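Work the whole structure out from these sequences, hints included.
If you're matching positions, the sequence shown starts at -4 in our numbering and goes up one per residue.
It is possible that part of the hints are untrue.
FRET-style restraints, in silico, Cβ to Cβ [said to hold, decoys possible]: (1) Gln33 - Gly93: 18 to 26 Å; (2) Val58 - Arg88: 25 to 33 Å; (3) Arg(-4) - Gly93: 19 to 27 Å; (4) Thr44 - Ala67: 35 to 43 Å; (5) Arg65 - Gly26: 42 to 50 Å; (6) Val23 - Trp87: 18 to 26 Å; (7) Thr44 - Lys94: 40 to 48 Å; (8) Val23 - Ala85: 14 to 22 Å; (9) Thr52 - Pro22: 17 to 25 Å; (10) Pro22 - Thr44: 31 to 39 Å; (11) Leu2 - Val23: 18 to 26 Å; (12) Glu47 - Leu6: 35 to 43 Å; (13) Gly59 - Val32: 44 to 52 Å; (14) Leu6 - Ile42: 37 to 45 Å.
In short, the hints are calculated from the structure, not lab data. Values in this document were obtained by computation on a predicted structure and should not be read as measured data. All C-beta atoms in this analysis are idealised placements derived from N, C-alpha and C, irrespective of residue type, glycine included.
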Amino acid sequence: RDAVRALWLLLDRAPPGEVYNVCSGVPVRIGDIVEMVQVRGRVPVEIRTDPERLRPTDEPLLVGDNSKLRNATGWLPEITMAETVDELLAAWRARYRGKDG
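Now the structure itself:
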């Protein structure tokens, strides 16, 4: 929802043809997101790392800069990662329940 709100604000307030980063500007480790899913999930999850998929050139930390977006639109993120995980899990649970009738 934050991203959709940012896009609407860009359409309404920003000059066309510019490039903007739609991001929180807050670093979040993938491992932290996985942990949130594990804690909130209702089924056991096994996490495995495939060494074949790891790349030595990957940056250890990537953080987007949303200052241009903020300056052009006044946008600020409002939804936390924890809220996002909760909402995604709720949506998937509802979808799964719908398949069972």
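Please flag the earlier hints that this structure goes against, numbers listed from lowest up. Numbers 5, 7, 10, 13, in rising order.
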